[in-house]
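Undergrad: Sequence:
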Amino acid sequence: MRAWTPAASAWGDLGDLFTFTLAPPRSLVQGIEGVRVPAQALLGRRSFESFHIDLVTGVRVTGQAETAAPIVPLDIPGLVRPDYRIHPLADSIADKVCAIVERHQERPSTRFP
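Mapping to the UniProt record's numbering: the sequence shown position 73 is 73, numbers consecutive.
None of these hints come from the bench; they were simulated from the model.
A few of these clues could be false.
With a cut-off of at most 20 Å between alpha-carbon atoms, the simulated SDA-like pairs for lysine to any residue come out as follows [what the hints assert, rightly or not]: (1) K96 - T62; (2) K96 - A65; (3) K96 - S47.
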């Protein structure tokens, strides 16, 4: 069995016409164990969106991940529409609250109202 790598996942063909490029990972900040992988989604030869993927270790999830279908229904012949894996709501809210109230180099978060 081959080991999982972010690059191998990015290069898998889902039949949706997207391809992905990944930049070298960078360490996360504030003592969080893991890496941030910059990514770019291409639709054909054009850039569709740039984003990052945080891969963390040592995080405790309070419940089981669930599966959810895509919200927007698309009926396009041949388009593969996989379900999403979602984390428990309590974990998502806790992550957001922590991101709002934690300080960064003695400054409040830019998300703080």
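Undergrad: All hints, please: hold or fail.
TA: Status of each hint after checking the structure:
1. For the hint linking K96 to T62, the alpha-carbon distance of about 15 Å falls within 20 Å, and the restraint holds.
2. Between K96 and A65 the CA atoms are separated by roughly 17 Å; this keeps the pair inside 20 Å, and the hint holds.
3. Restraint check for K96 and S47: not satisfied, since their Cα atoms lie roughly 29 Å apart, outside the 20 Å limit.
In summary, the one numbered hint that this structure violates is 3.
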